[in-house]
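Asker: The residues making up each chain are set out below.
There are 2 protein chains.
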Amino acid sequence: MSAMESWTWPPRYDDSYRPAHNSRYWFPIRETMAPDKRDEAIVQRLREICDYAYGSCSFYRDKWNDAGFHPSQIRSLEDFERRCPVVTKADLRAAQHRAPPFGDYLCVPESEIHHIHGTSGTTGRPTAFAIGRGDWQNIANAHARIMWGMGIRPGDIVFVAAIFSLYMGSWGALSGAERLGAKAFPFGAGAPGMSARAVQWLGMMKPKAFYGTPSYALYLAEVAAKEGLNATDFGIERMFFSGEPGASVPGVRDRIMDAYKAEVFDCGSMAEMSPFMNVAASAESFQGMLCWQDICYTEVCDPKTLVRVPYGQRGTPVYTHLERTSQPMIRLVSGDLALWTNDKTACGRTYPSLPQGIFGRIDDMFTIRGENVYPSEIDAALSKLPDYGGEHRIVISRDGNMDELLLRVEVTAELSAKGRPAMDAFRQQVATSVHTMLGLRTMVEVAQPGTFPRTDFKARRVIDDREVFKDLAQRLRFEAT
Amino acid sequence: MSAMESWTWPPRYDDSYRPAHNSRYWFPIRETMAPDKRDEAIVQRLREICDYAYGSCSFYRDKWNDAGFHPSQIRSLEDFERRCPVVTKADLRAAQHRAPPFGDYLCVPESEIHHIHGTSGTTGRPTAFAIGRGDWQNIANAHARIMWGMGIRPGDIVFVAAIFSLYMGSWGALSGAERLGAKAFPFGAGAPGMSARAVQWLGMMKPKAFYGTPSYALYLAEVAAKEGLNATDFGIERMFFSGEPGASVPGVRDRIMDAYKAEVFDCGSMAEMSPFMNVAASAESFQGMLCWQDICYTEVCDPKTLVRVPYGQRGTPVYTHLERTSQPMIRLVSGDLALWTNDKTACGRTYPSLPQGIFGRIDDMFTIRGENVYPSEIDAALSKLPDYGGEHRIVISRDGNMDELLLRVEVTAELSAKGRPAMDAFRQQVATSVHTMLGLRTMVEVAQPGTFPRTDFKARRVIDDREVFKDLAQRLRFEAT
Chain A
0 MSAMESWTWP PRYDDSYRPA HNSRYWFPIR ETMAPDKRDE AIVQRLREIC DYAYGSCSFY
60 RDKWNDAGFH PSQIRSLEDF ERRCPVVTKA DLRAAQHRAP PFGDYLCVPE SEIHHIHGTS
120 GTTGRPTAFA IGRGDWQNIA NAHARIMWGM GIRPGDIVFV AAIFSLYMGS WGALSGAERL
180 GAKAFPFGAG APGMSARAVQ WLGMMKPKAF YGTPSYALYL AEVAAKEGLN ATDFGIERMF
240 FSGEPGASVP GVRDRIMDAY KAEVFDCGSM AEMSPFMNVA ASAESFQGML CWQDICYTEV
300 CDPKTLVRVP YGQRGTPVYT HLERTSQPMI RLVSGDLALW TNDKTACGRT YPSLPQGIFG
360 RIDDMFTIRG ENVYPSEIDA ALSKLPDYGG EHRIVISRDG NMDELLLRVE VTAELSAKGR
420 PAMDAFRQQV ATSVHTMLGL RTMVEVAQPG TFPRTDFKAR RVIDDREVFK DLAQRLRFEA
480 T
Chain B
0 MSAMESWTWP PRYDDSYRPA HNSRYWFPIR ETMAPDKRDE AIVQRLREIC DYAYGSCSFY
60 RDKWNDAGFH PSQIRSLEDF ERRCPVVTKA DLRAAQHRAP PFGDYLCVPE SEIHHIHGTS
120 GTTGRPTAFA IGRGDWQNIA NAHARIMWGM GIRPGDIVFV AAIFSLYMGS WGALSGAERL
180 GAKAFPFGAG APGMSARAVQ WLGMMKPKAF YGTPSYALYL AEVAAKEGLN ATDFGIERMF
240 FSGEPGASVP GVRDRIMDAY KAEVFDCGSM AEMSPFMNVA ASAESFQGML CWQDICYTEV
300 CDPKTLVRVP YGQRGTPVYT HLERTSQPMI RLVSGDLALW TNDKTACGRT YPSLPQGIFG
360 RIDDMFTIRG ENVYPSEIDA ALSKLPDYGG EHRIVISRDG NMDELLLRVE VTAELSAKGR
420 PAMDAFRQQV ATSVHTMLGL RTMVEVAQPG TFPRTDFKAR RVIDDREVFK DLAQRLRFEA
480 T
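Chains A and B are the protein sequences, given in the same order.
Just so we're aligned: 348 in numbering that gives the first Met the number 0 is position 349 of the first sequence, and the numbers increase by one with no gaps anywhere.
Just so we're aligned: 182 in numbering that gives the first Met the number 0 is position 183 of the second sequence, and the numbers increase by one with no gaps anywhere.
Don't read these hints as lab results, they were simulated from the structure.
The structure displayed is predicted, hence computed values, not measured ones.
Be aware that one or more of the hints could be misleading.
What the hints assert, rightly or not - When the alpha-carbon atoms are kept at most 35 Å apart in a straight line, the in silico DSBU-like pairs for lysine-lysine are as follows:
(1) A:383 / A:457
(2) B:225 / A:88
(3) B:225 / A:457
(4) A:457 / B:207
To be verified - Which bits of chain A does chain B cover? Going by a derived footprint, with three or more residues having C-beta under 8 Å, they are:
(5) 111-119
(6) 153-167
(7) 183-193
Ideal placement from N, C-alpha and C gives every residue a C-beta, glycine not left out.
Working from the sequences, and respecting the hints, build out all of it.
Answerer: Laid out in structure tokens, this is it:
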């Protein structure tokens, strides 16, 4: 058979299909075919989904008419990329303001809506996600396929640790686990007191697979230790993460692997893009993520021109749904940062890779004396130090021309017990390490273990506050004298 | 057609079936047939499920062999009730201790398990629920059917406010909403800060239906007021509740209806019994709950003898699954308290009723000078007073022979502003009301608005602490002098 498996528009999957238990691939043809052949199919699909969107909603019709773009112009990937205008999150917010509650980019009748979720932004009007009944099944199919690629198999217990609420991450992992034929354990942390219970249940159920955020996995290992348990006793074999960088950051990744003795996989693009596991690691290609181009089409683009950059370069991912009929995203700008390559993969899938995962946001970047710095790079540098206590804060002062930066870094209890000289040596070590790895001179405050609150969701480590910066700089200069 | 709709063992439903939009009933025959004819079918089904359980797991086989019971003995409901021994929660805990993690009452292969949930008990070993793939669909079917009976229709937005975690309530409501063809909005409160967001989303999405706990609905109305909104602006038409008494307690029910101008429905037996909406109100029979006997068979029993009590009497519900193949519960003692009747229902369903819902736990009862009192009765008495501020605490001192009780009761801000004499009058009013309604003399402390923390889950109002009681009694006696 040379045709691609289940490659139809509108997308429709056999919900009872599963590959042979020992198969590495869910869809061997689609995952390993020659990229140029796949690209031909993607061009055809882009025309189909653009035709569909043009005919089904005013959002795309008006936007494209204004830009002089029409789906019939798509004869190559380059045609699509050059002519089709991008969509931003601000466009979506405006569309929902104009046509509440789901926006004029809803392409199915309201009666088709199966689930409503939304952004969890704390300021301004949040954005609602409306996911159609058929799309929900397609999302489950896509996630099951990708989780299969991570080595998760029917019958495995999949412990979904992250919160079940507006946040799409947990729902996507759950739908994939269900479709895969796993035993889904939707634990859902987030409420006070749940972390101690999570540890108790992990010890009782010994799940094969775990989903959450990297911060929360590290925190749970600390909670386990406090309860007299060892995270390795949970017997978890595979852990997959989204929601924040970390699982692709070598130092963080190593700390998680070390705490659980499990394999660690990064995944996840954006909630709007569900099936958001369109970028994800596989069991053999475990560093960074693959771009599963036949699920969503990814271009890594120059953040300013929004033109695709060559492989080997950094840019912001721009995503296009190939299998969504409700609220399809066509050239949605992520605002994330990634480097992409097209090297041969260890797993044999012929997809491009994001070997460092998603390592920041365009907006997170700060520039210190001419150096572009991302918070995840500091996380990575600290995580390599054996005496690092697991949390830190980056205090910056953005001042137009000249951004400044200070670090507050926790030490381990062992180091703290050794007293002041050891702490001073650690401070020097941090400064040297950050300088070597990032070319960045910074002042460092050493903090006692447990100084900074842990989180059961995404860590917020950057404090952008001129006053906090000034106070702290004052104190550090005083201590240094 | 005289056969009951989709009445087969093992249970199998057409997942695409829906009644006509204007039909009051999901299954007109099953819901309105002559009770004796239904009972005949239930006797047959009890024999089938007991045969199945006897053949599939050692838990029931051993228990029943010890008791001299065999499924072939079931020729009437009375045979079943007299011969089949009950199951207690302690039995389930012991079974999971003996055969971890799911217990020797799991009647399907582990590979059939679709979802894992569990009790949220904070002490001791919690109990895991393993729900099979087919059972999950049957639960969804049963819940869709019962929610249809409440008047919820395809396309309605169903806002599921309660937490998605171990607690089965939200998952059951979600599965029903999905199966019904509603727009499911699994909001999932519980994490800090979510209540203000819930209010924001309710205002944006204006859902037709709402699921949560009564305490949380009342709390959300307060949060709305703080945010300058009115809960009536959400446009909610139907609210259904489980997890604690309240929706059947007239005073509480009235306060919710008043705050939201919505219809209020009580439902829910026990997480172990999923489909737990086996006891639930309907749009026309909105006070208390119906026992949907063809989904789970309910007997209200004398708590000591565990023999069915006549209609019109109080007892503890004992439930038997008629449609579960994974971990079927056969004569599970709830430990709850209810009164049951067999009067003609307003909706025309020929089921027995629990007209006061589930109004307490056997263990919650305290005896004050010979009077048996349940916390929900105090809740009901207070909720009828216009100046009641919405929260209270019941301080008891259990002392073997002589239990004692004090009440701490919040007033409204309006009353509080009127000063001491008004507060004193309210104190007297509470004492009189509790005496009239419950035949109970009690000391009362009047508390300022907002004294007691609100909850996004189940309210815990009883404080059983001898020292707290003594201190408070001392203070009240002093103030009274």
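Asker: None of the hints should be skipped; say for each whether it holds.
Answerer: So, going through the hints one by one against the coordinates:
1. A:383 / A:457: With Cα atoms ~20 Å apart, residue 383 (chain A) and residue 457 (chain A) stay inside 35 Å; holds.
2. B:225 / A:88: Between residue 225 (chain B) and residue 88 (chain A) the Cα gap is close to 30 Å, so the pair holds against 35 Å.
3. B:225 / A:457: holds (28 Å)
4. A:457 / B:207: Answer holds: residue 457 (chain A) to residue 207 (chain B) is near 33 Å, not above 35 Å.
5. 111-119: holds (count 7)
6. 153-167: holds (count 7)
7. 183-193: This one holds; 11 residues, not fewer than the three required, reach chain B with a Cβ under 8 Å.
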